[in-house]
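*Asks:* This is what each chain is made of:
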Amino acid sequence: MIRSDVLKSLIPVISDQLVVCNIGLPSQELFMFDDQPSNFYMLGTMGLSSSIGLGLALVQPKKVIAIDGDGSVLTNLASLSTIANNDCGNYILLIIDNGSYGSTGDQPTYAGRKTSLAAVAKACGCENVVECDAVETAATVKAALDADQMTVIIAKCQSGNIDVPVIEMNPVMIRERFMAEVRR
Amino acid sequence: MVKAIDTRIVDDLVRNEISFATTVPCKQLAGVIEAVDNNNRIMHVPSNKEDEGMGLCAGAYMGGKRPCIIMQNTAIGVVINTLATLIQYYQIPLPMLISYRGEIGEKVACQVEMAVHTKALLNQLAIPTYHFHNAEDVDELDGILKYTQMCKKPTAILTDASFWSSAQ
Ligand SMILES: [Mg+2]
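In order, the protein sequence lines correspond to chains A and B. Quick note on numbering: this note's numbering labels position 118 of the first sequence as 118, and the sequence is numbered without any gaps. With positions in the second sequence counted from 1, the corresponding number in this note's numbering is that position plus 184.
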């Protein structure tokens with residue numbers, strides 16, 4: 001399975017949840033498969049999906065799933081320490097780890113070599129860290145949603161991309177319809 | 185140690201319904217950061233780096249809170265992309281309370297190297313910028329915070345060493 005297969009398998013689990021989605025192809029794929037007002041698409045700013053999701057989870061009670069990538073987490077690695085030290089049971093960080101910078105041409109990341117993001121998350125103090133195979137991702141996210149505890153999931157998948165259109169939606173519209181879902 | 189000026193600033197934040205703050209420390213800001221941390225009307229989530237902090241602020245805003253970030257002016261070198269592609273692009277109001285290191289009274293020469301770029305960078309980003317130099321300049325804060333929410337932009341409040349040393 002590649003990242004787009006993982007995202008497609010997640011739709012039944014995440015469609016009605018608040019989702020903050022990483023910049024680039026992950027957001028474009030999610031937009032194409034299942035555009036929802038409850039999806040916040042990052043159109044810029046690599047690395048901040050986990051932070052935006054945490055800020056949102058800390059201030060309101062609904063569950064928040066932040067979808068991130070291995071390359072993006074590596075660019076904001078200290079976020080894992082902020083997550084660990086600001087525990088909230090409604091936050092799930094899903095790192096789809098394909099070992100490459102998918103949106104820029106599949107250049108390898110260090111997470112695909114010697115660096116274990118699960119070990120980093122644990123060392124940062126995250127208490128519920130689950131590493132799973134791509135096929136188990138949807139079930140793992142479902143279990144985390146049911147568990148009411150902060151969970152960091154690292155889903156390992158193959159690198160590779162499909163053709164997807166860019167998101168042409170206005171950023172303020174993305175934000176405002178997302179905020180309406182948060183308030184709903 | 186929290187001084188009267190720190191309490192005054194935090195009171196202005198609270199009066200303007202700022203209920204989420206992220207901070208990256210600076211010596212000049214130690215008192216105000218302590219006052220934010222002590223105030224139970226403001227959720228304080230320290231961040232490791234200022235771009236991470238702006239991500240937290242964006243999330244908190246979408247969750248219904250009014251955020252602010254407290255940081256040093258050297259951070260402008262870190263957050264330009266985040267300001268342009270997250271805070272400005274999605275129109276998120278974000279007051280930035282910034283210690284303006286490297287101005288008159290500075291003891292560390294290297295701080296001057298970012299001080300000389302600070303206003304030029306903020307200007308280039310078209311960020312409304314205010315410079316607190318005398319103690320009474322803090323009277324502007326309430327209006328700046330209201331203006332920030334009205335226009336849904338990031339705004340910069342530069343607080344220099346003269347301001348902090350003249351304020352009680
Ligand atoms: Mg990747």
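I should point out that these hints are in silico values taken from the structure, not numbers from a laboratory. A few of these clues could be false.
Claimed, not checked - Derived contacts from chain A toward chain B, CB cut-off under 7 Å, selection only:
#	residue
1	L48
2	V59
3	Q60
4	P61
5	K63
6	T75
7	A84
8	G89
9	N90
10	P165
Claimed, not checked - These stretches of chain A come out as covered by chain B in the derived footprint (C-beta under 8 Å, 3 or more residues):
#	segment
11	33 to 45
12	156 to 162
What the hints assert, rightly or not - Derived pair list, reagent style DSS-like, types lysine-lysine, alpha-carbon separation capped at 30 Å:
#	chain 1	residue 1	chain 2	residue 2
13	B	K211	B	K291
14	B	K211	B	K187
15	B	K211	B	K303
16	B	K337	B	K233
17	B	K291	B	K330
18	A	K62	A	K114
19	B	K187	B	K291
20	B	K187	A	K62
21	B	K337	B	K211
22	A	K62	B	K211
23	A	K142	A	K122
24	B	K330	B	K303
25	B	K291	A	K63
26	A	K122	A	K62
27	A	K8	A	K62
28	A	K8	A	K142
29	B	K337	A	K62
30	B	K303	B	K187
31	A	K8	A	K114
32	A	K62	B	K336
33	A	K114	A	K142
34	A	K63	A	K122
35	B	K337	A	K63
36	B	K211	A	K63
37	A	K122	B	K233
38	B	K233	A	K114
39	B	K211	B	K233
Yeah, the Cβ is synthetic: ideal placement off N, Cα and C, and Gly gets one too.
*Asks:* Tell me if G89 of chain A is really an interface residue toward chain B, meaning its C-beta lies closer than 7 Å to one of theirs.
*Replies:* violated (15 Å)
*Asks:* K8 of chain A and K114 of chain A were given as a pair; does the straight-line alpha-carbon distance stay at or below 30 Å?
*Replies:* holds (28 Å)
*Asks:* Taken at face value, is the distance from the CA of K233 of chain B to the CA of K211 of chain B at most 30 Å?
*Replies:* Satisfied, since the Cα-Cα distance of roughly 16 Å is no more than 30 Å.
*Asks:* Mind checking the alpha carbons of K62 of chain A and K336 of chain B for me, to see if they're no more than 30 Å apart?
*Replies:* Roughly 25 Å separates the two Cα atoms, so the pair holds.
*Asks:* Keeping to a limit of 30 Å between CA atoms, is the pair of K62 of chain A and K114 of chain A held or broken?
*Replies:* violated (36 Å)
*Asks:* Holds or violated: K8 of chain A and K62 of chain A, Cα atoms, limit 30 Å.
*Replies:* Cα-Cα ~23 Å, so holds.
*Asks:* Minimum Cβ distance from N90 of chain A to chain B below 7 Å?
*Replies:* violated (11 Å)
*Asks:* Under 7 Å is the threshold here; is the Cβ of V59 of chain A close enough to any Cβ of chain B for the hint to stand?
*Replies:* With a closest approach of 4 Å, the V59 of chain A hint holds.
*Asks:* Given the hinted pair K211 of chain B and K303 of chain B, is their Cα-Cα distance within 30 Å?
*Replies:* holds (21 Å)
*Asks:* Given the hinted pair K291 of chain B and K63 of chain A, is their Cα-Cα distance within 30 Å?
*Replies:* violated (48 Å)
*Asks:* Below or equal to 30 Å on CA atoms is what counts here, so check K187 of chain B against K291 of chain B.
*Replies:* Judged against 30 Å, a Cα distance of about 22 Å means the pair holds.
*Asks:* Holds or violated: K142 of chain A with K122 of chain A, Cα cutoff 30 Å?
*Replies:* Within the cut-off at roughly 21 Å; holds.
Checked against the numbered hints listed earlier, the structure breaks hints 4, 5, 6, 7, 8, 9, 10, 12, 17, 18, 20, 22, 25, 36; every other hint is satisfied.
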